[in-house]
Amino acid sequence: MASKGTVSVEVSDLRREFKGKGSPVVALDGVSLKVGQGEIFGVLGPNGAGKTTMIRILSTLLLPTGGWAKVMGFDVEHEPEKVRRVINMASGAEKAGYDFISAKKNLWFFSQLYGIPTATAEKRIMELSEMLGLTKYLDRKFYALSTGYRQRATIARAFVNEPKVVFLDEPTIGLDVMTARSIREFLKEQARRSERTIILASHNMAEVEAICDRVAIIDKGKIIAAGTPEDLMRSLGAPALVMEVSPPQSGFEMLSRVEGVKGFTASTEEERGLSTVHIVVETDAAARAAEDAVKREGLKVVASWRKQATLEEVFVALVGRGFKEREEQDVV
Amino acid sequence: MKARALVRLWSIFGEPLWIVVSMGFPVLSSLALSLLYYSIGAASYVGFAVLGGVMVSFWGNVLWSMASQFYWDKQEGLFEIYLTSPAPISAILIGMSVGGIIGTVPSALIVTGIGWVLFHPAVNAVWGGVILTFGLTLASLYAMGMTLSSLYLAYGREAESLNEVLQEPVSMLSGLYFPSLGARSPFPLAIQAAASLIPLTIGMDALRKTLFYGNDIWQVWPDLAILGVMAVVLLFASTYALKYLENVGRRDGTIGVRIR
Ligand SMILES: Nc1ncnc2c1ncn2[C@@H]1O[C@H](COP(=O)(O)OP(=O)(O)OP(=O)(O)O)[C@@H](O)[C@H]1O
Ligand SMILES: [Mg+2]
Numbered sequence: 001m002a003s004k005g006t007v008s009v010e011v012s013d014l015r016r017e018f019k020g021k022g023s024p025v026v027a028l029d030g031v032s033l034k035v036g037q038g039e040i041f042g043v044l045g046p047n048g049a050g051k052t053t054m055i056r057i058l059s060t061l062l063l064p065t066g067g068w069a070k071v072m073g074f075d076v077e078h079e080p081e082k083v084r085r086v087i088n089m090a091s092g093a094e095k096a097g098y099d100f101i102s103a104k105k106n107l108w109f110f111s112q113l114y115g116i117p118t119a120t121a122e123k124r125i126m127e128l129s130e131m132l133g134l135t136k137y138l139d140r141k142f143y144a145l146s147t148g149y150r151q152r153a154t155i156a157r158a159f160v161n162e163p164k165v166v167f168l169d170e171p172t173i174g175l176d177v178m179t180a181r182s183i184r185e186f187l188k189e190q191a192r193r194s195e196r197t198i199i200l201a202s203h204n205m206a207e208v209e210a211i212c213d214r215v216a217i218i219d220k221g222k223i224i225a226a227g228t229p230e231d232l233m234r235s236l237g238a239p240a241l242v243m244e245v246s247p248p249q250s251g252f253e254m255l256s257r258v259e260g261v262k263g264f265t266a267s268t269e270e271e272r273g274l275s276t277v278h279i280v281v282e283t284d285a286a287a288r289a290a291e292d293a294v295k296r297e298g299l300k301v302v303a304s305w306r307k308q309a310t311l312e313e314v315f316v317a318l319v320g321r322g323f324k325e326r327e328e329q330d331v332v
Numbered sequence: 333m334k335a336r337a338l339v340r341l342w343s344i345f346g347e348p349l350w351i352v353v354s355m356g357f358p359v360l361s362s363l364a365l366s367l368l369y370y371s372i373g374a375a376s377y378v379g380f381a382v383l384g385g386v387m388v389s390f391w392g393n394v395l396w397s398m399a400s401q402f403y404w405d406k407q408e409g410l411f412e413i414y415l416t417s418p419a420p421i422s423a424i425l426i427g428m429s430v431g432g433i434i435g436t437v438p439s440a441l442i443v444t445g446i447g448w449v450l451f452h453p454a455v456n457a458v459w460g461g462v463i464l465t466f467g468l469t470l471a472s473l474y475a476m477g478m479t480l481s482s483l484y485l486a487y488g489r490e491a492e493s494l495n496e497v498l499q500e501p502v503s504m505l506s507g508l509y510f511p512s513l514g515a516r517s518p519f520p521l522a523i524q525a526a527a528s529l530i531p532l533t534i535g536m537d538a539l540r541k542t543l544f545y546g547n548d549i550w551q552v553w554p555d556l557a558i559l560g561v562m563a564v565v566l567l568f569a570s571t572y573a574l575k576y577l578e579n580v581g582r583r584d585g586t587i588g589v590r591i592r
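Which chain is which? The protein sequence lines are W and A, in order. Quick note: the first sequence uses my numbering, first residue 1, plus one each step. Quick note: the second sequence uses my numbering, first residue 333, plus one each step.
Keep in mind that the hints were calculated from the coordinates and are not lab data. For clarity, every value in this text was computed on a predicted model and none was experimentally measured. Careful, some of the hints might be misleading.
Taking lysine-lysine and the PhoX-like style, the derived pairs with C-alpha atoms no more than 25 Å apart in a straight line are [to be verified]:
hint	chain 1	residue 1	chain 2	residue 2
1	W	70	W	164
2	W	324	A	575
3	W	220	W	70
4	W	220	A	575
5	W	222	W	300
6	W	21	W	222
7	W	70	A	575
To give an idea of the interface, some chain A residues facing chain W are shown, with a C-beta separation under 7 Å as derived from the structure [said to hold, decoys possible]:
hint	residue
8	407
9	409
10	412
11	416
12	418
13	419
14	583
Residues from chain A that keep clear of chain W, each with C-beta distances beyond 12 Å, as calculated [to be verified]:
hint	residue
15	413
16	446
17	448
18	467
19	516
20	529
21	581
Ideal placement from N, C-alpha and C gives every residue a C-beta, glycine not left out.
Next comes chain W alone, as it looks inside the complex (with noise of 0.2 Å):
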């Protein structure tokens, strides 16, 4: 696997395993990958695909049953304390901070945990508040704070300690646009400008897609794409096909028995009375005989366009369902 400049994280053949009720649930199952300095890496998945095992893996929190991993070099099973002064993580679903205390004084407590001069702390809090658009909010307590700025609270505190490797676990789950694009354009500068490695954790296409400069698509505890998120876009050649049908429907079994349709994904939109289907196809040929395929059922077929390919439809491709359909098979 590609990758530029110096290897900041590396995890070779990664395994963990949960001790279930009944059989041991594997969350990682054999994960190999190297990530280079200042990149930012996308690990991308439905839910379960053990994404959140590897970033606590890769932060010190679990051992790994099975492999290695090192992060600066360091093996995060056996030297965790060398790891832990390198690194910082924040997740989307922590909390995070102490309710009665104003943002500015966490974020300077947590800068204590790396022993920094408190001079020092300060100046770096207030760089990153004003390019988290923070600043004014640094003087409320943690618990008045929105749950938008506390989050960007939470990403300041990641970065507090001007860690080499950051490790992030769905930062803007739940977030509006605003603020999840304004973590995002941070994100990037902290790559770009200081040579930071980001990792990170999410099952939001779009926002890998935007700020990731390579990403590995898992599925199940295993690796099923890895490049940039052009490359895997490119791969797929022809583009992706788009029909709404009508009236709903909630199967569309037939397009798995059309030659060259690699996958597809399909929701209903009651109010309009049809459901929209994303087709991944090989050829054009492939795409002229899905539309056959569905009008054959005796459905109409309202509306067909064509599409540049985005990662959903990569995973699409690689697995046959989109990330909502396999999720609802994990339930049952």
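Given the coordinates of chain W, assemble chain A with the ligands onto it according to the supplied hints.
Coordinates of chain A with the ligands only, in the frame set by chain W:
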């Protein structure tokens, strides 16, 4: 470490209501008891009650905030931040203790002040001994708090019932308000021995001796030695226990609550 102490202080003083609650309890109970002793003519015990009020403030702080702090931190995802930082977990705990002690001082001063003004307890003190005893008692108390905090981490809410158990009987056994060790103790020897396992008991006993009976350091040295040993042993025990819990947690995937 210093940072942890400051955070603790900001948290305490950021919430006026909490100050009232946390100070009110020891103040009231100690004053009620003082009044009782005073009214039945047990004047020599009034001083004990005031001293008890001071110490129960610290004991309450150890039990209700030190011990359970990591448990709450874990619930909120803060414990993970501690762990992934290079700061040793014991430094964080010591910072918490220092913060807790400083934060409890106002309440202790209020108890002393009110007790003094109202009852003028007779004091016959060797101040050097008092200060040394007081320091060692706090050290061993907070070291016990550190150990309790690892129990809390391991057993979660179940450990809270341990607190309930510790609160009342310990106030009694440890002689917060009356002598529970030696000739003046109302308890049989076996219970006295059990009570001695709690640093508070020994600390209270030694404090009474130095503060009210004019004992000097050489007369209470066994108590001081025991307190010192307890502080060191408990400190190591907590460090070791937390390291052990971290390793188990990393192995079993139980660090942090899973939010899904
Ligand atoms: N501590 C744990 N104990 C038991 N099973 C676990 C634990 N952590 C994860 N798992 C299991 O491992 C699998 C992968 O979980 P993981 O949290 O890594 O997925 P994820 O990709 O982060 O998903 P999501 O998008 O929902 O966050 C799941 O089946 C999960 O139930
Ligand atoms: Mg996850």
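Tell me if the straight-line CA distance from residue 70/W to residue 575/A falls inside 25 Å. holds, 22 Å
Go through the hint on residue 407/A and say holds or violated, using the shortest Cβ distance to chain W against 7 Å. violated, 9 Å
Evaluate the condition: distance from the CB of residue 467/A to the nearest CB of chain W exceeds 12 Å. Holds: least Cβ distance 25 Å, greater than 12 Å.
Regarding the assertion that residue 446/A does not contact chain W, is the least Cβ-Cβ distance greater than 12 Å? holds, 27 Å
Should the label of residue 529/A as a non-interface residue stand, given a Cβ cut-off of 12 Å to chain W? holds, 34 Å
Checking the smallest CB distance to chain W, is residue 581/A really beyond 12 Å? violated, 8 Å
Just to be careful, I want the Cα atoms of residue 21/W and residue 222/W compared with a cutoff of 25 Å; is the pair within it? Within the cut-off at roughly 22 Å; holds.
CA of residue 220/W to CA of residue 575/A, is that 25 Å or under? Violated: residue 220/W and residue 575/A sit about 32 Å apart, past 25 Å.
Next pair to validate is residue 222/W with residue 300/W; report whether the Cα-Cα distance is within 25 Å. Between residue 222/W and residue 300/W the Cα gap is close to 39 Å, so the pair fails against 25 Å, i.e. violated.
Minimum beta-carbon distance criterion (7 Å), residue 419/A to chain W: holds, 4 Å
Would you check whether the claim that residue 448/A is not at the interface survives, using Cβ distances to chain W and the 12 Å cut-off? About 32 Å separates residue 448/A from the closest Cβ of chain W, which puts it past 12 Å; holds.
Regarding the pair residue 70/W and residue 164/W, is the alpha-carbon distance no greater than 25 Å? Given pair residue 70/W, residue 164/W holds - Cα atoms ~13 Å apart, limit 25 Å.
Comparing the model with each numbered hint stated earlier shows that hints 2, 4, 5, 8, 15, 21 do not hold.
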